[in-house]
Each structure stands twice: as structure tokens, then as C-alpha cells.
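Student: Chains as they are written, first to last, in the numbering used here: chain A, 1 to 375; chain B, 1 to 375; chain C, 1 to 375.
Take these hints with a grain of salt, some might be off.
Which copy is meant is left open, so a pair is good if it fits within one copy or across any two.
As the list claims (entries may be wrong) - No more than 27 angstroms apart at the CA atoms, straight line, and that leaves these computed lysine-lysine pairs for BS3-like: (1) Lys-144 with Lys-324; (2) Lys-229 with Lys-101; (3) Lys-251 with Lys-101; (4) Lys-229 with Lys-251; (5) Lys-229 with Lys-124; (6) Lys-287 with Lys-144; (7) Lys-160 with Lys-110.
Simulated from the structure, these hints should not be mistaken for lab results.
Nothing here was measured: the structure is a model prediction, and the numbers come from that model.
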Amino acid sequence: MTDTANDPSSLFCATSNRRQFVQRSLAGALAAGTVAVGVLGACAAPESAPKGATTGIAAKAAGTMDSDHAGGTMAPNPSTTAASAQSAADAMDAMHEAGIKAFPAKTTGKGGQLLAPRVENGVKIYELTASEIQWQTDPKITVKAWAYNGMVPGPEIRVKEGDRVRVVIKNELPESTAIHFHGLELPNAMDGVPFITQPPVKPGASFTYEFVVPNSGSHMYHSHHNAAKQVGMGLLGAFIVEPRAPRAIEKVDVDYVMVLNDGFLGYTLNGKGFPATEPIVAKRGQKVRIRFMNEGMMIHPMHLHGMHMTVIDKDGWPQPAPWKCDTLNIAPGERWDVIVNCTNPGTWAFHCHILPHAESDHGMYGMVTALIVSA
Amino acid sequence: MTDTANDPSSLFCATSNRRQFVQRSLAGALAAGTVAVGVLGACAAPESAPKGATTGIAAKAAGTMDSDHAGGTMAPNPSTTAASAQSAADAMDAMHEAGIKAFPAKTTGKGGQLLAPRVENGVKIYELTASEIQWQTDPKITVKAWAYNGMVPGPEIRVKEGDRVRVVIKNELPESTAIHFHGLELPNAMDGVPFITQPPVKPGASFTYEFVVPNSGSHMYHSHHNAAKQVGMGLLGAFIVEPRAPRAIEKVDVDYVMVLNDGFLGYTLNGKGFPATEPIVAKRGQKVRIRFMNEGMMIHPMHLHGMHMTVIDKDGWPQPAPWKCDTLNIAPGERWDVIVNCTNPGTWAFHCHILPHAESDHGMYGMVTALIVSA
Amino acid sequence: MTDTANDPSSLFCATSNRRQFVQRSLAGALAAGTVAVGVLGACAAPESAPKGATTGIAAKAAGTMDSDHAGGTMAPNPSTTAASAQSAADAMDAMHEAGIKAFPAKTTGKGGQLLAPRVENGVKIYELTASEIQWQTDPKITVKAWAYNGMVPGPEIRVKEGDRVRVVIKNELPESTAIHFHGLELPNAMDGVPFITQPPVKPGASFTYEFVVPNSGSHMYHSHHNAAKQVGMGLLGAFIVEPRAPRAIEKVDVDYVMVLNDGFLGYTLNGKGFPATEPIVAKRGQKVRIRFMNEGMMIHPMHLHGMHMTVIDKDGWPQPAPWKCDTLNIAPGERWDVIVNCTNPGTWAFHCHILPHAESDHGMYGMVTALIVSA
């Protein structure tokens with residue numbers, strides 16, 4: 001296995017006793033602006049590991065160790081472990097493997113699709129319809145959701161600082177609703193809080209918001225009426241405002257929005273739970289911007305393996321100086337923007353570090369995805 | 001409705017089919033240093049919205065749109081929505097509206113009232129009595145609480161760096177107690193931890209703390225004996241230490257303490273749940289300092305609508321550089337000081353963004369208040 | 001009592017009606033690099049407090065008050081409080097006192113012991129065996145745990161940036177496992193995620209990781225297979241990487257690792273709950289570095305009494321500028337490094353400020369320890 005275990009292009013390892021090459025199609029799972037890479041998974045099973053592997057000699061003998069790289073070797077069970085324990089472990093591992101092999105699993109529906117505006121007299125017009133839908137969060141789970149334009153998160157709205165924007169919400173839900181543009185410093189009448197800034201938008205009615213986009217950054221839109229339920233059910237989306245004068249640090253190859261949630265749809269990233277989450281894909285040397293947004297009720301400390309994240313913005317406002325971390329705690333309502341310099345090739349787990357949000361004895365699930373850096 | 005929906009002085013909108021002007025008295029709900037403003041709420045009901053409103057034309061026709069402002073328009077239900085759904089939505093909305101109309105609701109008791117010291121030989125003497133009381137957290141809920149001087153939070157102690165202070169605690173509770181001055185770097189004997197720095201203060205007994213105030217900032221005092229219960233029941237208060245040499249950024253018009261809690265008294269801001277919470281009131285152009293203090297057991301990411309917050313201090317210590325956000329995560333025991341430049345007139349929702357701490361299907365409750373910026 | 005209550009060397013106060021001097025041995029409870037101090041606890045009971053103490057006169061009369069110090073005085077109960085209430089309070093206080101007097105309580109097993117590597121051809125070799133053990137978290141509680149080398153946390157691995165390291169994991173558990181080096185920017189094959197970067201390490205099998213340590217800082221190693229269970233059961237440890245060129249601020253007298261946890265072993269600091277936690281001990285004027293690591297599922301805002309903490313690193317990366325606090329919120333997967341300048345002598349409570357993690361009506365327990373600064 002040493003020749004493949006050290007191969008940074010290895011994505012997934014099989015437990016079978018022969019090499020497996022797993023070609024995966026990531027088509028359809030790529031964010032706007034990401035690049036497609038072939039994903040090749042291969043590694044040997046423990047049974048085929050050379051004896052003496054615990055000393056690392058086998059790895060070195062195979063010529064795969066140098067000062068920049070490293071080797072992992074597996075030694076077989078030298079003792080007679082109870083067959084029943086082995087069999088229980090094998091059964092658990094098979095479930096874990098099945099989940100990972102299924103990633104990225106196909107599901108019906110994709111959240112956060114970019115919404116192209118209709119432009120009239122220089123006004124960018126976005127039409128949103130709130131309605132009840134069935135939403136598939138992973139291959140095994142379909143739940144009732146409340147959604148904008150039939151997807152969770154709702155469609156991504158992406159505008160420029162200073163744009164004039166009109167957002168029309170049509171309410172096809174059985175409850176009244178309203179939209180709050182979380183983070184935008186709008187005139188009060190556009191703030192979307194029923195009985196404070198506007199009447200509720202009744203079932204069957206529509207409401208039109210219109211404003212000049214005042215401040216750039218990673219913002220959100222969501223219901224602000226019966227919101228613990230309505231946002232929990234899926235009435236939320238990203239509202240990205242690109243600055244007129246981007247900073248040098250903002251020039252990235254991949255711009256990725258990651259909406260965290262933990263409501264009625266379960267632990268999700270962009271409306272899906274692992275293995276139906278979407279990998280983030282980049283080439284070695286590229287820069288990825290991740291816009292974390294928490295629309296849930298719990299903190300989610302997101303941990304990236306293999307590379308650090310450089311935090312640049314909080315709630316759309318630049319931090320006084322960028323700072324580095326590998327685990328970033330994102331609280332409900334917060335947005336944090338980070339840059340990842342993709343220097344380290346491989347498939348890197350990327351998950352909430354509240355482990356019960358990411359793994360059970362049936363395998364990884366929920367708030368897990370991967371950053372895949374091609375060599 | 002367009003002429004009122006765009007009026008930044010609109011506070012609350014009614015759903016009735018005629019204009020309603022709601023004059024509210026904020027007397028008694030104003031923090032020290034705040035200014036009183038007339039609060040005028042008016043907006044049209046959906047039924048009176050012009051046809052064609054979804055295009056925003058009506059709004060513009062009314063002359064309320066310009067490059068700096070924005071307009072919202074409501075379109076009626078063009079279809080025949082089931083009457084029962086409408087009626088259920090109306091019933092829910094009525095509950096939501098009633099809560100907001102009641103804000104700021106009168107309750108018995110006001111927490112955190114400034115305590116004037118008795119001065120003897122240059123020593124500022126504060127007398128606190130811990131006792132069991134009945135405390136009204138909102139118009140419908142009165143609970144048993146343990147309180148300093150009959151209020152939750154206990155009275156605000158506000159001193160200057162370098163002051164000599166004496167705090168006398170008289171224990172009228174059925175349990176022993178003690179006071180810890182959370183954040184003050186006191187001599188060990190004044191730290192208030194029974195069996196480590198002092199004996200417990202038995203029921204009926206008193207204890208005197210005396211010290212020179214060593215460090216400025218937003219601090220707290222609370223029980224440190226059986227504290228999960230005693231602090232949860234209400235034995236807590238703000239201990240503000242003004243610096244000898246204030247920084248320029250500290251020169252504000254309104255200095256507001258906001259104590260967050262989630263113990264036996266429910267989700268509260270300064271001991272009250274919405275609609276009995278107190279609005280923060282300022283004039284356009286003024287600066288408001290908010291001193292967040294979490295005395296609870298959960299995080300509370302506080303979200304301000306309409307304007308950002310500039311974070312200046314953590315636990316009474318200046319941050320290396322101020323930074324901006326609209327949602328600030330405040331963990332138990334933490335204090336965060338922020339400045340809001342009140343540039344945006346209107347009534348702005350201000351709430352914990354863990355939505356179940358702020359809203360149910362019966363309407364907003366708990367950790368919700370408003371920042372009201374008069375034009 | 002005034003002469004002892006103001007004595008910063010006082011550690012614990014007894015409630016008995018005569019002075020008690022309690023000599024405690026901290027041997028065995030000292031971290032590597034800490035210094036031993038004699039701990040002397042003495043204070044008078046309320047019954048012996050002078051009359052009139054509420055005015056602080058007694059304290060001053062005893063000559064213990066000056067501009068830098070402070071005094072605390074206890075006044076007896078002047079009224080006839082119900083004997084039953086007194087007796088209930090006394091009973092509760094006795095439980096609280098017993099817990100504190102027991103601190104630091106002896107238990108079997110010590111977690112996080114420094115693991116000396118075997119060195120072969122310049123490679124530092126660490127051998128870890130994962131197995132099921134019985135682990136005593138406090139004198140009254142022994143639980144089943146999964147541990148590396150029979151301790152929770154697993155042994156501390158401490159290396160230098162650029163070292164070549166080999167870690168051999170032998171799996172004696174009934175489940176497969178794997179080790180993730182959380183925070184290290186390793187080649188993908190060494191990342192320890194079964195089916196993504198390697199096969200699972202089956203019961204009875206071994207696996208060898210080998211790499212050049214790429215980045216300095218406070219990192220962790222833990223299971224990344226069925227991790228919600230395996231990490232929760234104890235498969236975790238500190239992986240400290242000393243930099244080749246330490247910063248001036250890193251030159252400290254005491255370097256202390258504090259692993260926070262809340263899994264199947266309960267609320268623990270370094271695998272123990274109060275009173276079996278370990279005090280941190282330093283001399284006045286010394287600097288202590290604390291490396292917080294959260295291996296649990298909940299946030300833990302750690303509050304230090306008496307002195308502030310200066311935050312220098314997040315996840316092993318320097319913050320752009322150090323900043324001060326007294327309560328630091330540490331989320332799962334995060335590491336935060338702080339410096340404490342031990343300017344304030346005494347025994348200082350140091351605990352999670354989610355109070356139910358630290359105290360019940362039976363007294364302090366769980367995530368509580370003390371920083372002891374000798375005069």
C-alpha cells in the first residue's frame with residue numbers, strides 16, 4: 001500500500017484486499033467558480049501491508065519517504081483477536097465506508113443556486129416565492145421544508161455595493177411571512193420585521209422590497225416572522241454583496257458560500273447532510289474563499305484538515321488584521337469569511353467539530369464535507 | 001401605505017384596514033443618559049395596498065424613493081386562498097402583533113437601577129441585601145427569584161478606577177452565599193469564593209468586602225456559592241468601573257448595560273423578557289455604548305438590525321483594534337463593549353439570534369428589545 | 001479573622017470555630033515545570049468575627065488595610081434565624097467545604113503525562129496503544145474509558161518544528177480506529193481519516209504514521225473513526241510543537257496544557273473532575289502559559305479569577321496582536337494559548353463559567369481548578 005498511501009491524489013481507501021480505483025464524478029457538485037478534478041481513490045487493505053510496518057521501514061524502502069512527505073503503514077493483527085469482535089468492527093467499518101464511498105451522493109434538489117436578476121431600468125429584480133416543498137437532505141432522508149424558489153438554502157442573491165435591488169416575495173405558505181436582510185444597513189421600512197417595519201405578508205400576498213445596497217460583504221436573507229420555525233424550516237439564503245473596490249486579499253479562484261444549519265432539516269451544509277454535501281474543489285496553488293453563515297440554533301466550530309484558514313471578515317466587515325486558525329466557531333446569525341491557500345494536495349475532511357453533528361456509529365453524516373485540492 | 005412605510009419614524013405597523021397612530025410612552029423605560037423620543041407607529045394594512053405594487057411602481061409614484069431611500073409595497077392575495085388558512089394566519093399574526101404593540105410593556109420592578117453609595121471618609125459604601133422575592137419578567141410571568149436589593153439584575157454599581165469601595169452583603173436567603181467581583185483583580189481575600197478565600201456568609205449574617213478598585217471596565221458581581229442555582233435565580237449585577245482617563249472612543253451619549261440571562265427566570269435582558277424589555281433610545285447622530293454581560297448558561301449571539309456594532313472591549317480590556325460586526329456572540333461570564341453610531345433612524349430589532357430564545361409561534365418573547373433612533 | 005482573611009497565603013477557610021491550619025501536599029499534582037509551594041489555609045469562622053464588622057472598622061483596626069490591600073469582615077447573624085434553615089445551610093456548606101478541602105484529591109491515574117520518544121536514526125518514535133480501561137475521574141467516580149497508553153488524556157507528545165516523528169498506534173479496542181493529528185498540516189496520507197486517507201486500523205492491528213512536523217503550536221491528536229464515541233470515551237491527547245524560534249512572549253516559567261472535555265467521562269479538565277483536578281502552581285512574578293484545548297462537544301468559557309489572561313495564539317497560530325480577557329470561550333476543536341502574569345498572590349478559582357459545569361448544590365465539581373500564586 002505504501003505507493004498509494006503516500007500518493008496525495010488518493011481520495012478514498014477501500015478495505016478490500018486488492019487495489020481499488022474509484023473514479024468519481026463530481027459533476028453537478030461543483031460550486032460556481034470551482035474547477036473539476038478527477039478524483040482517484042486507491043489504497044491497499046490491511047491484509048496486504050508488509051510485516052514490520054510498525055517501524056516505517058516498509059514505507060521508506062518503497063522510496064516514498066522524503067523530507068517533505070510522510071508514510072503510513074499498516075500492520076496486521078498478529079494475535080488471534082476474537083472473531084466476533086472482528087466481525088462487529090468489520091460491520092461498523094462497512095457502514096462508514098459506504099457513507100464515504102457514496103460521497104458526494106446524488107440527491108434531488110440543490111440549494112443556494114445563483115439567481116440571475118431581471119433588470120429593469122437599472123434595477124436588479126429578484127423574485128422569491130416561499131412555499132412548502134419536500135426536500136431531500138441526504139439519499140435516505142426527505143423532509144417537509146419551507147423554501148424560497150423550491151430550494152434550501154434559497155437562491156443566492158449576489159449583487160454589487162451600490163446596486164439598486166428589488167426583491168419581491170410571494171407567499172405561498174399557510175402562514176404570514178416577511179424577509180429580513182440580515183447584515184444590510186437598509187432604511188428601516190425595508191428591515192422586514194412585521195409590526196415593527198411592515199405588516200406581515202399574508203398567505204397568498206406579495207411584498208416588494210427595494211433599496212440601494214449600502215454595504216458589502218457576506219450577508220443573509222431570511223424570514224423574520226415566526227422565525228424560529230420559518231428559518232428552521234428553510235426560509236433562508238445568502239445575500240452576497242461584492243465591494244466596488246475589492247481588496248487584494250479578496251482575489252480568489254473559488255468563492256464558496258457555506259450555510260450551516262441545524263433546524264428541522266437536521267445538521268446540514270447548504271441544505272444537505274453528508275454524504276450528500278458538496279465538496280469544495282480547487283487546484284493546488286489556488287485560493288478559496290469560504291463564506292460561513294450560520295442560520296441554525298447552535299454554534300458550529302468548523303474544522304478544516306490539512307490547511308489553515310485565514311479569517312478576513314466578520315459579518316461582512318474586515319477584521320483589523322487577518323488571523324489564522326483551523327477551527328472556526330460560527331454562532332447563529334454570524335458570518336465569517338476565510339481564505340484558504342490550497343498548498344496541500346489531497347482530499348481534506350471539513351466538518352463541524354461538535355462530533356455528534358458529524359459522525360455516529362453508522363458513519364459520518366450531517367455537517368461534513370471535503371476540500372479537495374488536486375495536485 | 002407607501003407614504004408611511006417609507007417613513008423612518010414608523011415604529012409599528014398595524015394590520016387593521018385603516019391607519020393607526022400609536023403614541024407610546026417610553027417613560028420609565030429609558031436608561032440613564034438616554035433621550036426620550038416620541039414613538040409614532042403607522043402603516044397601512046395589506047388590504048389597502050395598491051395593485052401592481054410588486055413592481056415597486058406605486059412606491060416610486062408616491063415620491064418616496066430616491067437614491068438613498070427605499071420603498072416597500074404590499075400586494076394583496078390575487079388568488080382565493082382557503083379561508084381557513086387565512087384565518088389561522090390572522091390568528092397567529094394577531095398574537096405577534098399584540099406582543100409588539102405591548103412593547104415596552106409595564107411590569108413591576110426594574111433591574112439594574114444605579115445604586116448611589118453612602119460615602120464615609122472617602123469610601124464608597126454599597127449595601128446589598130440578598131433575599132427571596134417575586135419577580136415579574138413579563139406581564140404574564142411572575143417567578144420566585146433571589147435578588148440583591150429586590151431587583152434582578154441587582155443594582156448597578158458604578159465607580160471610578162482607584163476608588164475605595166466597601167460592599168456589605170446581608171444574607172436574608174435560606175442558604176449561605178458570597179459575592180465574587182467577576183473581572184476585578186482584587187486581593188485574594190476579597191475574591192468571594194467560600195472555603196477558598198472566605199467562609200460562606202450564613203443565612204442572617206453579613207460580610208463586608210473592601211478594596212481599592214484596581215482595573216476599569218465592564219465587570220460583574222454575583223454569588224459564588226451554590227452559584228449554578230444562586231446566579232440562575234438572580235444574584236447578579238453589573239459592576240462598572242469608569243477609567244481615570246477615558247479614551248476618545250468612550251465618549252458616548254448613551255451608556256447602556258445589557259445583562260443577558262437564561263436561568264430560572266427564563267430568557268431575559270436585564271431581568272425582563274420581551275415585551276417587557278427596555279428599548280435603547282438615541283437620537284440620530286448619537287453614539288451608544290452597549291456593555292453586554294452574560295450571566296447565563298448559554299451563548300447568546302446578539303444581533304442588531306440596521307447598524308453595525310464596533311467592538312472595543314472584551315472583559316473590560318481594550319481590544320487591540322476596534323472591529324465591526326452585526327452579530328456578537330457572548331458566552332457565559334463574558335463581557336463585550338460595543339459602540340453603535342446611530343446613523344440610521346428607525347426602530348431596530350435587537351435580539352439573540354438563537355431564534356428559539358427570541359420568538360415562538362405566539363410571537364416574539366425573551367431576548368428581544370429594540371434600538372430606537374429618532375430622526 | 002482579619003489577620004488571616006487578608007493574608008494572601010490563605011488558601012482555604014474552615015467554618016469551624018477555631019483557626020485551622022491545613023497543610024496540603026501538592027506533590028504529584030504539579031505539572032512539569034511548575035514549582036511546588038506550601039499551601040497554607042486558615043481563616044476564622046463567622047462565630048469569631050468581631051461585632052461591628054460590617055463597617056470594616058475591625059479590619060482596619062487590625063492594621064491589615066492599606067491602599068493596596070483590602071479587608072473582609074464577617075458579621076454574625078444578629079437575628080434569630082430559624083434553626084432549621086441554619087441547619088440546612090450548614091449541611092450544604094459542609095458538602096461544599098468537604099469538596100474544597102479534598103482538593104487536589106488523589107485519584108488513580110494521571111492523564112497527559114509527557115511521553116518520551118524512542119529515537120532511531122533521528123526519528124522520534126511514539127508508541128500509542130488504544131485500549132479499554134477503568135478511569136477514575138474523581139474520588140467517587142470510576143468509569144469505563146478508551147485510552148491511549150492507559151490514560152485520559154493520552155500522553156502528551158511534545159516535539160519541535162521540523163522534527164521527524166513516527167507515531168505507532170496499536171489498536172486493542174473492540175472497534176477499528178485511526179489517529180488524526182488535529183492542527184498539523186500533514187501530507188494527506190497521514191491525516192488519519194479512514195476511507196479517505198487510510199484504511200481503518202482494525203482491532204488487533206497497528207498503523208504507523210510518519211512525518212516531518214510542519215507547523216508549531218498547540219495541537220491535538222485524537223481518533224477520527226466513530227469519533228463522537230471514541231473521542232468522547234477518551235481517545236485524545238495534546239500534540240505540542242515547539243517553534244524553532246520562540247517569540248519573546250513564549251518565554252514562560254510554567255507551560256500548562258489544559259484539555260477540556262464533557263463526554264462520557266463527565267465534565268473534566270485533563271481527564272479529572274474537581275476536586276481531583278490539578279492546580280496550576282506558580283510563584284509571584286512568574287509567567288504561566290496555558291494551552292486550552294477543547295475535546296468535548298460544548299463550549300467552555302474558562303474564567304480565571306484575580307488576574308487576566310493575555311491571548312497569544314489561536315489553534316497554534318499567533319493572533320495579530322495579543323489581547324486580554326478574564327473569560328475565554330473555547331469551542332470544540334479549538335485551541336487557545338494564553339499567558340498569565342502571576343502578579344496577584346493567592347489561590348484563584350479557575351473554572352468553566354457555564355456554572356452547571358462547575359457547581360451543584362453538593363459543591364464545586366467538574367470543570368474547576370485553581371491557579372495558586374505563592375507570595
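Student: Compare the structure with each hint and give your call.
Tutor: Taking the hints in turn, this is what the structure says about them:
1. Lys-144 with Lys-324: neither (39 angstroms within a copy, 37 angstroms between copies)
2. Lys-229 with Lys-101: between (34 angstroms within a copy, 22 angstroms between copies)
3. Lys-251 with Lys-101: neither (34 angstroms within a copy, 47 angstroms between copies)
4. Lys-229 with Lys-251: neither (37 angstroms within a copy, 41 angstroms between copies)
5. Lys-229 with Lys-124: neither (29 angstroms within a copy, 50 angstroms between copies)
6. Lys-287 with Lys-144: Intra 37 angstroms, inter 45 angstroms, cutoff 27 angstroms: neither.
7. Lys-160 with Lys-110: Within one copy only: 24 angstroms inside, 46 angstroms across.
The structure does not agree with the numbered hints 1, 3, 4, 5, 6 stated previously, though it agrees with the rest.
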